[in-house]
Each structure stands twice: as structure tokens, then as C-alpha cells.
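Visitor: Going line by line, the protein sequences match chains E and W.
Sequential numbering of the first sequence, starting at 105, is according to this note's numbering.
Sequential numbering of the second sequence, starting at 105, is according to this note's numbering.
Among these hints, one or two may not hold up.
A pair counts as met if it fits within one copy or between any two copies, since identical chains are not told apart.
What the hints assert, rightly or not - Pairs of lysine-lysine residues, derived as DSS-like cross-links and limited to a Cα-Cα distance of at most 30 Å, are as follows:
| no. | residue 1 | residue 2 |
| --- | --- | --- |
| 1 | K113 | K145 |
| 2 | K113 | K218 |
| 3 | K166 | K142 |
| 4 | K113 | K166 |
| 5 | K166 | K218 |
| 6 | K166 | K145 |
Hints listed in this document are in silico derivations from the structure and should not be mistaken for laboratory results.
There are 2 protein chains.
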Amino acid sequence: MHNPRLKLKLVIDDQDTLLGPGKIDLLTAIATEHSLSKAAKSIGMSYRRAWLLIQELNDSLKEPVLTTQTGGQSGGGSELTPLAYELISLYQTLTEEAEAATADTRQRLAALMKVD
Amino acid sequence: MHNPRLKLKLVIDDQDTLLGPGKIDLLTAIATEHSLSKAAKSIGMSYRRAWLLIQELNDSLKEPVLTTQTGGQSGGGSELTPLAYELISLYQTLTEEAEAATADTRQRLAALMKVD
């Protein structure tokens, strides 16, 4: 790969990890799939891990990230709360800000890497 | 904790992870301990994992990160190469740039969290 453009993965850390790519990918998949189990499957994550990540988010945030609807024609599902959409949006903003601020330094880092 | 100041952990990603807190902590410990095994022990990392992280760095970079000295009074040891010091320095710069650029957004994120 020539001139690798190094990507930045941000992990927001309190004492444990509050927010990182895993949780954001899961929330984004729930927005599309409207179901925790389908969302987990769509990103190759076990249902158990997906459930744990949602619990961690709910434990650290002032409001839950999912509304669970039971019954109905679709057999129930999960929808993101407004807070969850705000998290996705803030994480996207953080990433864009950090990427813009570090572009030169990432180029200097890329210059130390093998070109293959 | 009141007004948590969310910390940012940066992971520099090519196809695999090139550089993150684990590798930087290990390199920094080697600078102090002058030995891979002592450095790993000092940060609670297994020798096997430390060795693998060094191999990953050496595989992705144009030059190795360690010079290994055999023999001598101390029974040999490991020293960082100039490239390794450059990595530590660039990672520190990246972190400072990203933290400065995201301070406001991290505050907005902190405001969504429970106060405990």
C-alpha cells in the first residue's frame, strides 16, 4: 500500500471505556436493523457482547440508549433513543475534529512505515 | 465523580492496529527499564504479549524499535532505537492535538453521563 493514510480510532475513556468504535458500530447497526439481535449479527458481534455493551452504555449515561418495543406485527424490536443518536453524532464530530487536527502528524507517522 | 474530564485514547489504524496505548506504554517502559522482560513486568503485561507487540511494530516500520545487547555485566538488555523515541513523541503530539481539538465536544459528551 502506497502512502497509507493512517486512520484514527478514538476511544473515550472515563475509568472504563465509555465509547469506542465497537459501541458506535453497534448503535449505528441498531438504527438500521431496528433490532439488537439483527444489529449484532449484521456486524459479526455476538448477541451476548452486544447486550453487554448496551448495558455498559445505559449504566454510564443519564438515560438509556434503547427503547424496546414488545409485541406488534414485527414481533418487537429495538429503537435508538434521541440520546443514542446524539452519541453517534458527537462521536462523529470528535473523530472529524481529531482527524483534522492531526493530519500532518499522521503523515509524519506514515513516513516511518514500510511501503508495501 | 463530578464533571468527568473524558480522556481520549487514540488508536492509529492501518489495516491492523499500528499504534495504540498498549504499544506506547510498552516502549515507554523499555526506555526506563532497559529490558523487554522487566518493562513488560513493570506494566503488568505478559512477556509473550510484549514480544508480539514489538514484532508487530518491527514488521510495520522501516526500522526496528529495539536494539538488543547481549552479554556484558548486566546480562544484556534492550534499548529503544531513535525511531522508537520518534514514535513515542509523535503519539504524544497526536494526543495533544486531538485533545485540544475535541475539548468542547468532550464536554458535551460528559454532560450526557451520570454524575456519581
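Visitor: Look at each hint and say if it fits the structure.
Guide: Hints, one by one, checked against the model:
no. : hint           : in the structure
1   : K113 with K145 : both (22 Å within a copy, 27 Å between copies)
2   : K113 with K218 : both (21 Å within a copy, 24 Å between copies)
3   : K166 with K142 : within (26 Å within a copy, 43 Å between copies)
4   : K113 with K166 : both (25 Å within a copy, 23 Å between copies)
5   : K166 with K218 : between (45 Å within a copy, 5 Å between copies)
6   : K166 with K145 : within (27 Å within a copy, 39 Å between copies)
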